[in-house]
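Undergrad: From first to last, the protein sequence lines are chains A and B. By the working numbering, the letter at position 158 of the first sequence is numbered 158, and the numbering carries on one by one without gaps. Plus 252 on top of the position in the second sequence (first one is 1) and you've got the working numbering.
In case anyone wonders, no lab produced these hints; they're calculated from the structure. Computed from a prediction, not measured in an experiment: that's the story for all the values here. The beta-carbon is built from N, C-alpha and C at its ideal position, and this holds for glycine as well. Take these hints with a grain of salt, some might be off.
Unchecked claim - To spell it out: a stretch of chain B is covered by chain A in this simulated footprint if at least three of its residues, at any positions, have a beta carbon under 8 Å from a beta carbon of chain A; those stretches are:
# : segment
1 : 265 to 271
2 : 293 to 303
Claimed, not checked - Chain B residues, not near chain A, derived (Cβ > 12 Å throughout):
# : residue
3 : 306
4 : 327
5 : 610
6 : 637
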Amino acid sequence: MTLIMGAVAYDPKVVTIWNGFRTWLRDHDLPFDYVLYSNCERQVEDLVAGRIQAAWNSPLAWIRSQRLARSGGRAVRPLVMRDTDRDLTSVIVVRSDSAYEKPADLKDQAVGVGAVDSPQGTLIPRSFLRTAGLTPGENVTIRRYDVGVGLHGDHIGGERDAARALIAGEVEAVAVIDANHLLFGREGTFPAGSTRIIGQTAPYDHCNMTVVDGSTPELGDFWRITAVHVVRGRGGQAVAGSGGSDRLAGGA
Amino acid sequence: MTDHLLDLENLGFERGAHILLQQALKTLDPGEELVVHGTDPALRVHVEAWCRRSGHRISQRLDPGAGEPARIVRGQADLDRWAGAQRAGGAAVEGIVSSPSADRLRTGLAARGALVEGGGPKTPFDITDRDLVWAEIAPALYAHAASAQWDPNTAVDWNADFVLPSEIEQAVVQVMTYLVENEQAALVIPAKLLARIHPHFREVLQLLAVQAADEARHMEVFTRRALLRGKEMGTSSASGRESLATLLTEAEFSMASFLLSVLGEGSFLNLLEFLDRHAPDPVTRQVTRLARRDEARHVAFGVAHLQHQAEKDPSVRSRMRAAVERRYAALVDTAGLNQDVFDSLVILAAGDWTPAAIANGYDAVQKLQSEMDDGRQRRLVHLGFPADEAADLSALHTRNFM
Numbered sequence: 001m002t003l004i005m006g007a008v009a010y011d012p013k014v015v016t017i018w019n020g021f022r023t024w025l026r027d028h029d030l031p032f033d034y035v036l037y038s039n040c041e042r043q044v045e046d047l048v049a050g051r052i053q054a055a056w057n058s059p060l061a062w063i064r065s066q067r068l069a070r071s072g073g074r075a076v077r078p079l080v081m082r083d084t085d086r087d088l089t090s091v092i093v094v095r096s097d098s099a100y101e102k103p104a105d106l107k108d109q110a111v112g113v114g115a116v117d118s119p120q121g122t123l124i125p126r127s128f129l130r131t132a133g134l135t136p137g138e139n140v141t142i143r144r145y146d147v148g149v150g151l152h153g154d155h156i157g158g159e160r161d162a163a164r165a166l167i168a169g170e171v172e173a174v175a176v177i178d179a180n181h182l183l184f185g186r187e188g189t190f191p192a193g194s195t196r197i198i199g200q201t202a203p204y205d206h207c208n209m210t211v212v213d214g215s216t217p218e219l220g221d222f223w224r225i226t227a228v229h230v231v232r233g234r235g236g237q238a239v240a241g242s243g244g245s246d247r248l249a250g251g252a
Numbered sequence: 253m254t255d256h257l258l259d260l261e262n263l264g265f266e267r268g269a270h271i272l273l274q275q276a277l278k279t280l281d282p283g284e285e286l287v288v289h290g291t292d293p294a295l296r297v298h299v300e301a302w303c304r305r306s307g308h309r310i311s312q313r314l315d316p317g318a319g320e321p322a323r324i325v326r327g328q329a330d331l332d333r334w335a336g337a338q339r340a341g342g343a344a345v346e347g348i349v350s351s352p353s354a355d356r357l358r359t360g361l362a363a364r365g366a367l368v369e370g371g372g373p374k375t376p377f378d379i380t381d382r383d384l385v386w387a388e389i390a391p392a393l394y395a396h397a398a399s400a401q402w403d404p405n406t407a408v409d410w411n412a413d414f415v416l417p418s419e420i421e422q423a424v425v426q427v428m429t430y431l432v433e434n435e436q437a438a439l440v441i442p443a444k445l446l447a448r449i450h451p452h453f454r455e456v457l458q459l460l461a462v463q464a465a466d467e468a469r470h471m472e473v474f475t476r477r478a479l480l481r482g483k484e485m486g487t488s489s490a491s492g493r494e495s496l497a498t499l500l501t502e503a504e505f506s507m508a509s510f511l512l513s514v515l516g517e518g519s520f521l522n523l524l525e526f527l528d529r530h531a532p533d534p535v536t537r538q539v540t541r542l543a544r545r546d547e548a549r550h551v552a553f554g555v556a557h558l559q560h561q562a563e564k565d566p567s568v569r570s571r572m573r574a575a576v577e578r579r580y581a582a583l584v585d586t587a588g589l590n591q592d593v594f595d596s597l598v599i600l601a602a603g604d605w606t607p608a609a610i611a612n613g614y615d616a617v618q619k620l621q622s623e624m625d626d627g628r629q630r631r632l633v634h635l636g637f638p639a640d641e642a643a644d645l646s647a648l649h650t651r652n653f654m
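Throw the hints in and build the complete structure from the sequences for me.
TA: This is how it looks when you write it as structure tokens:
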């Protein structure tokens, strides 16, 4: 029986990615197909309603799946996730020549963040700033760079716009995911030596492949065991063991 | 256990730290630890993000500002990535495999002998069988062809001082017009074929590419000679183009090569020799002589390739026979050679406008056709046809020469 998974089409490359997976998994006798959604919300609804058996969920969609499933008396669980999606952090970045040393120094200043629904670019950094005593709207101004809203931060355009705004002097700090700080430095959005990191969030996890308990447990287990075995045995780094998403669930 | 150490000094990831890190990790076994020192303020954040992407682990989280070294546990994603990789044959000719696209690896455009990561794209090459394209002589012919390239601008003395009677000049223009038309077909056919051949057979692609480049130069020099004294080209007959069109539609590599190179260009060798002998001016002589040298190479590859094929598979000869017959049937109701071309050849061979000279010219063209026939028969016998069958097949060859 074919496992049908939902994925959000946040970029044309999504087709390339899942077509590649589809071909490769089927070549290894793992029946797999996918359907594309324009936004995470509908994908989660269809997952919980049983119209698809699995969904490649962003952190927010994972939380949403949990809540929707719970309200319907069901439960969801993460089947697999990528090792590259584990232990991410977001960082608070300022210009090198500024005087800020720690997040609390940003009191009454403007901080640029990514899209409104981006966990790594907006939601988690906002929460992080609160712990440093900065309450958005009260003693710190949050300036959002909304690109790809509805894609839960899978589009990095907002973070890149925020990064440019920092270099242009439009904001005093920005929040970006650590890997994007690395990327922006390497691609030149942040000229070498132009920025400093003054804060880093606790680690959190990103996307997972979610299934609804009770829908297709045997198929799901078979699929997970085989997929992990195939990937481990044949090379590649796309899929790792399940789990790891609890920290995000607890922290959000 | 001694620690493996790397000191990045003040080098950050914004300026290439990953290169030193990658190199240091390469020497470790999976599971071994590398201790990384450095003073770049963002180093710890970047090491962690980079390791996550690259399949390595950080053994303990560090305070980004603490100045402690980062401890990296070497992963094996880089090794896993290449675990299923295979060499695309060997770089040298001995490394050519019989069917480079037979497995799932899809070596495609990868250099022969390269270590090929799996999962590449499908490629449009449909001629993928060694026996279909290879000839042992290909690398040597390519090397010779590459060294024998000439510059149309300097290889011909375009300023040579001569004046021809207008009828003779007109005959030259007509023959040149005909040659350009044929050279265009001779360019398009190898170009079409080479786009279909798997690049694993690099030397064959190279040879066909140079062959196409040869024809490009021939087109140029014949056009320049045609227009050297006047402004108008000669005529192009429907039947001549019909004959060439049948070459363009031959889908099978070997059969296209057989009809074009062995029979067509083979006949052209005689024609170009004839033009060299009867050229009324030095420029005509030079351009036909240069072209003939190139064409001889094309014929040599065609013959060698078909010979290799026929040795591997005797049924190739019956396919060759069928290809000739098919083409004959397609052209049986056409006029063959453009009459203007035939008459021009007679005039060139006559060299004078008297009845006796014309009669001599006519004889010379008859002799040319007989020489072409001999040449074709000789090559067919070389390919393993019995003499009588070779004679039959040669007689069915297009009257348009090419």
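Undergrad: Check the structure against each numbered hint from earlier and tell me which ones fail, lowest number first.
TA: 3 and 4
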